[in-house]
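The listed protein sequences derive, respectively, from chains A, B and C. Per my numbering, the very first residue in the first sequence carries number 1; after that it's consecutive. Per my numbering, the very first residue in the second sequence carries number 548; after that it's consecutive. Per my numbering, the very first residue in the third sequence carries number 730; after that it's consecutive.
Bear in mind the hints are in silico, worked out from the structure with no lab data behind them. Treat the hints with caution; some may be incorrect.
[Said to hold, decoys possible] Here are the simulated SDA-like pairs of lysine to any residue, each with C-alpha atoms no more than 25 angstroms apart in a straight line:
no. : chain 1 : residue 1 : chain 2 : residue 2
1   : A       : LYS225    : C       : ARG929
2   : A       : LYS514    : A       : ILE292
3   : A       : LYS507    : A       : ARG204
4   : C       : LYS795    : B       : ALA724
5   : C       : LYS795    : B       : ILE703
6   : C       : LYS921    : B       : THR685
7   : A       : LYS235    : A       : PRO264
8   : A       : LYS378    : C       : LYS976
9   : C       : LYS932    : B       : GLU555
10  : A       : LYS14     : B       : ILE703
11  : A       : LYS507    : A       : ASP207
12  : C       : LYS976    : A       : ARG428
[Stated by the list, open to error] Chain A is faced by these chain C residues, among others (derived, beta-carbon under 7 angstroms):
no. : residue
13  : PRO899
14  : ASP910
15  : PHE960
In this text, a Cβ means the ideal position worked out from N, Cα and C, and glycines have one as well.
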Amino acid sequence: MPEKPLVIDSLTFKYKTRPELALEDVSLELKQGELLLIAGSSGCGKTTLARCINGLIPRSYRGERSGKVLLHGREVADMPIPEMAQVVGTLLQDPERQIVASNVFNEIAFGPENLGLPRGEIISRVDQALSRLKLEYLRERETFNLSGGEKQKVALAGVLTMNPSILLLDEPLASLDPASAHEALEVFRSLADEGKTVILVEHRVEDAIEAKPDRLLYMEEGRIKYLGPITDLPKEIDHTQVKLPAPWVVRRVKAQGATVKEPPKPPVQERGDPLVVFEDVSFRYDSDLPFILENVNLKIFPGDLIAVLGPNGAGKSTLVKHAIGLLKPTSGRVLVEGQDTRKLSVAQIARTLGYVFQSPTHMLYAPTVQEELEFGPKNLAYDPMLIPKFVNESLSTVNLNGFAEYPPLGLSFGQQKRTTIAAVLAMRSKILIMDEPTAGQDFANYTHFMNTMCDVSEDAQSVLSANFAATLFITHDLDLAVTYANRALLFGDRRIIADGKPQDVLKDEELLLKYRVRPTSLLRLNLSLLPQTGRFLPAESLAAYAP
Amino acid sequence: MNNSSTWEFGTRQVVYGAIGAALYGVLSWASNFVPLPAAGNVTFRPAVAVLIFFGVAYGPWVGFLAGFIGNTLGDAISGWGFFWNWSVGNGLMGLVAGLVAAQIKDFRAQGDIVKAVIYGIVGVAVGMLFASFTEMITSGIDFNTALVGYFVPAFIGNAVVTVILVPILMIAFAAVASRRGR
Amino acid sequence: MLVTWKYRPRNTFIQRLDPRTRLLFFFCVIFGLTLPDIWDYRVILPLFAMSLTLYLLARIEWKDVKRVWLFIFVLVFMIVGLNALLSGRGGPASVTNTASPVVFEVLGIDVTIAKIWFALTQVVRMITMTLLAIPIPYTMDPNIYGTAFRKLGSSDKVSFTMDLAFRFLPTFARDFTITMDSQRARGYELEKVKGGIASRLRKLAPLIIPVVMQSTVTGEEVIDAMDLRAFGTNPRTWIKADDLRYKFADYIMLGLALILLVGGFVLRFGLGIGEFFIPDFFTNLFL
Chain A
1 MPEKPLVIDS LTFKYKTRPE LALEDVSLEL KQGELLLIAG SSGCGKTTLA
51 RCINGLIPRS YRGERSGKVL LHGREVADMP IPEMAQVVGT LLQDPERQIV
101 ASNVFNEIAF GPENLGLPRG EIISRVDQAL SRLKLEYLRE RETFNLSGGE
151 KQKVALAGVL TMNPSILLLD EPLASLDPAS AHEALEVFRS LADEGKTVIL
201 VEHRVEDAIE AKPDRLLYME EGRIKYLGPI TDLPKEIDHT QVKLPAPWVV
251 RRVKAQGATV KEPPKPPVQE RGDPLVVFED VSFRYDSDLP FILENVNLKI
301 FPGDLIAVLG PNGAGKSTLV KHAIGLLKPT SGRVLVEGQD TRKLSVAQIA
351 RTLGYVFQSP THMLYAPTVQ EELEFGPKNL AYDPMLIPKF VNESLSTVNL
401 NGFAEYPPLG LSFGQQKRTT IAAVLAMRSK ILIMDEPTAG QDFANYTHFM
451 NTMCDVSEDA QSVLSANFAA TLFITHDLDL AVTYANRALL FGDRRIIADG
501 KPQDVLKDEE LLLKYRVRPT SLLRLNLSLL PQTGRFLPAE SLAAYAP
Chain B
548 MNNSSTWEFG TRQVVYGAIG AALYGVLSWA SNFVPLPAAG NVTFRPAVAV
598 LIFFGVAYGP WVGFLAGFIG NTLGDAISGW GFFWNWSVGN GLMGLVAGLV
648 AAQIKDFRAQ GDIVKAVIYG IVGVAVGMLF ASFTEMITSG IDFNTALVGY
698 FVPAFIGNAV VTVILVPILM IAFAAVASRR GR
Chain C
730 MLVTWKYRPR NTFIQRLDPR TRLLFFFCVI FGLTLPDIWD YRVILPLFAM
780 SLTLYLLARI EWKDVKRVWL FIFVLVFMIV GLNALLSGRG GPASVTNTAS
830 PVVFEVLGID VTIAKIWFAL TQVVRMITMT LLAIPIPYTM DPNIYGTAFR
880 KLGSSDKVSF TMDLAFRFLP TFARDFTITM DSQRARGYEL EKVKGGIASR
930 LRKLAPLIIP VVMQSTVTGE EVIDAMDLRA FGTNPRTWIK ADDLRYKFAD
980 YIMLGLALIL LVGGFVLRFG LGIGEFFIPD FFTNLFL
């Protein structure tokens, strides 16, 4: 095809339902076989730009559009959907929502089926896509039982069967663990090498550069702030908005000459009696099913801020569900403040231990934030006179003052997340457990969230340590463990593999890789500077030590 | 909500018909494990409110498919078999409720909520009448038996659920819808 | 809680039949029996035997259906009992024929020979139909429903709605479980929900709202995903359509189904057979 795959010319867009421009004067050209990385924080316009490229704007989302979007020289707004679908293939953020069939074969065949292609042609396209992505072993499987990484690849195969020349990947790493993300990025690179034009929308720049993008497009407030090669990024790119590799952050901080205050050293605490004790805990759902936990021993002490790392499906969630009593051990026992969980109801344990599930949408239900926060304390039959005080205090702790009368379901994702934390705060539990606290949020938002929770100032404790005797969080994000935790647990193969200070647990790269935890640039930089720093620090603070 | 006509049938209706059906099926099936309020031979199935809500929010086709397929699915995963006339009856419940969809402007407004609940109750009546009367024909029972044995308990249970839970769902939906850019 | 389909592949005569055959057969028997209003035990008993044979051929394990049958029996006896108690009407008019001798009296209602025979016939007739209804989810592969309905003549969109519903079912069951767990972690105890009907229903909101509202958000993205893969723009190819083929046994069963359907009408309206009647041997039992 002679024309360039994609030409965007002074594109501007405003959603009908919103007052501000979502895109302003965006121009861009892409060559065949080029891999473009589009980065920016949420609300920067990258999702809107993606919708303009795949034609959802103006078809499904109404608003005012001006400028041009040309696919191989043809205006996207004028192309019939079947044609457009064969030029741009879109992989949506959450494969869970992209997959529309119950089994893998049907999922991959879905697009060609819709085009009304002959059966033989469809079968050969499906088999091609399966072998291209090395997914033959999944051909007859149910989509529901696939792992996150497998779902992603199956969804991609379903896009490839349409033979698109342009691939649009919308935050494809969001729901993957680091090892799966790494594999996915290699696939994206190879697709570009085969001549597809690949557009990768991703705020985790550090991870995305593994796909060796030819260029980076950085957006803020609907405008292009930078478009150019990925090496030697200019200062416009704000390292607090997108996640850059740690050495880049250090260079930037040094170049700016700003002094970054080092977080104060946490006070050394006496180890009190353990709050939660796992004694030789083994668990399986049924006597004919395999064990998920085997002989787990663990003590959670006051002052602990524990990050639990490990591959998906290793049993991390099963482990913490035992602490709250949602699951009871098959053998061994779990003690919460000295009492066996077998003898306690979940509601009784909830007074000691608050559990924040991964997705706020799984728990928010009430018409107002106020009622949402009263739910727990009322269930636990707290003194009705005290409940309003608990509710108000937790609201101000998570910075949601003034939102008491808002409907939680109408809040932004980050606000919803903080509402779920407040809901646990209001129950006055002593221990906070969070499952993937950063999932679903972009880098800028989750950094802000974690800083709000964990930051210690000279004269005050952090929100976490002021309100909870101990905190434990499960995460894929190794940097969270590096930056915020004072204890790390590596979990794999049904048991605890390593337990201790982050700098001790995380120093063994081979061990980490064995359990699908990929060392990050921040970890490596911290390890190399450890003799000087004596502890792990966030990237900005390392600038003071780095040569 | 969207200004398409009441009887439009496109991707949107397919997706919400399927989602409504899956939810209705799952929640009906969950009733096997979750203790439900009951009085005499009337059981209150909260799943019905979800069905009526899908009709109200997404129109008559969605209501019908959610009810018909959802009831079939619920029976299937509970292992009951296939009772076609009850599936059609459930479909009619959703369909009639869905007739109000085009009139609902604000899911929080009292007037709109009352309208939705009224259509919901009429839908419950129509759907359960259909199912009960087909039982009359197929089982050879008389009118009184159909009324006392099938219609009245089903109607009362479902109508009460509609009155109580549909408004709660609508208010929650108003908040969710406010976040959407479409 | 995980949703598990009741379907299991079994190499049985029933499961080798085309699903369309089985659905058509099911409806032919029901309509052949009910539309012409057949109440003659001489017609019903052979049909019952046939249904029972087909049921047994499906080889469904008893432990899977024990609970269902228990429920069905209670329902059938309650409804039949209620019907008899309330009048004995509903079926053919001759049941309430006062000429039938009274066997005994309950609660001031005369129980006649006609009523007893009618009740027996009614039970067998209802179970004849139930025997065909129960095996369907156990013996039909959920992955084939959409295709089967498409090939029975429903539209692309309606048929796909069915497939998509099957796709989402386990997802929502899992979401429901997660919501249940997360509310329990906030001290919510379903067993302890008290109060009147209204307040007890309202207290189910924490379980229902999150799952339903999340699904409405999911839907918007699924619509995008399907539009972007050209759903609904052309007449669809159904890749599994060729898996469905009528074979010899299907034609036999379809022929039988047609005979039963037409036969019901012919018997009743052409030959005048099939009306309710009480056999002499039964009357003689009481005389």
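How the hints compare with the structure:
Among the hinted pairs, LYS225(A) with ARG929(C) is inconsistent with the structure: their alpha-carbon atoms are about 55 angstroms apart, more than 25 angstroms. Restraint check: the Cα-Cα separation between LYS514(A) and ILE292(A) comes to about 18 angstroms, which is no more than 25 angstroms; the hinted pair holds. Proximity of LYS507(A) to ARG204(A) is assessed by CA-CA distance (about 23 angstroms); at most 25 angstroms being required, the pair is judged to hold. Simply put, LYS795(C) and ALA724(B) have alpha-carbon atoms about 45 angstroms apart, too far for the 25 angstroms limit, and the pair is violated.
This hinted pair does not check out: LYS795(C) and ILE703(B) have alpha carbons roughly 29 angstroms apart, beyond 25 angstroms. For the hint pairing LYS921(C) with THR685(B), the CA-to-CA distance comes to about 41 angstroms; that exceeds 25 angstroms, so the pair is violated. Only pairs whose Cα atoms come within 25 angstroms are accepted, and LYS235(A) paired with PRO264(A) is rejected, the gap being roughly 28 angstroms. For the hint pairing LYS378(A) with LYS976(C), the CA-to-CA distance comes to about 64 angstroms; that exceeds 25 angstroms, so the pair is violated.
A hinted pair counts as satisfied when its Cα atoms are at most 25 angstroms apart, and LYS932(C) with GLU555(B) does not qualify at roughly 36 angstroms. Using a Cα cut-off of 25 angstroms, the hinted pair LYS14(A) and ILE703(B) is violated, with the two alpha carbons roughly 49 angstroms apart. Taking the CA atoms of LYS507(A) and ASP207(A), the gap is near 20 angstroms; set against the 25 angstroms cutoff, the hint holds. With a C-alpha separation of about 68 angstroms, the suggested pairing of LYS976(C) with ARG428(A) is violated against the 25 angstroms cut-off.
The restraint placing PRO899(C) at the interface with chain A holds, with a minimum CB-CB distance near 5 angstroms, inside the 7 angstroms limit. Because the closest C-beta pair between ASP910(C) and chain A is about 5 angstroms apart, less than 7 angstroms, the hint holds. Evaluation of the PHE960(C) hint against chain A yields a held restraint, the C-beta minimum of about 5 angstroms falling below 7 angstroms.
The structure fails to meet hints 1, 4, 5, 6, 7, 8, 9, 10, 12 from the earlier list, while all remaining hints are met.
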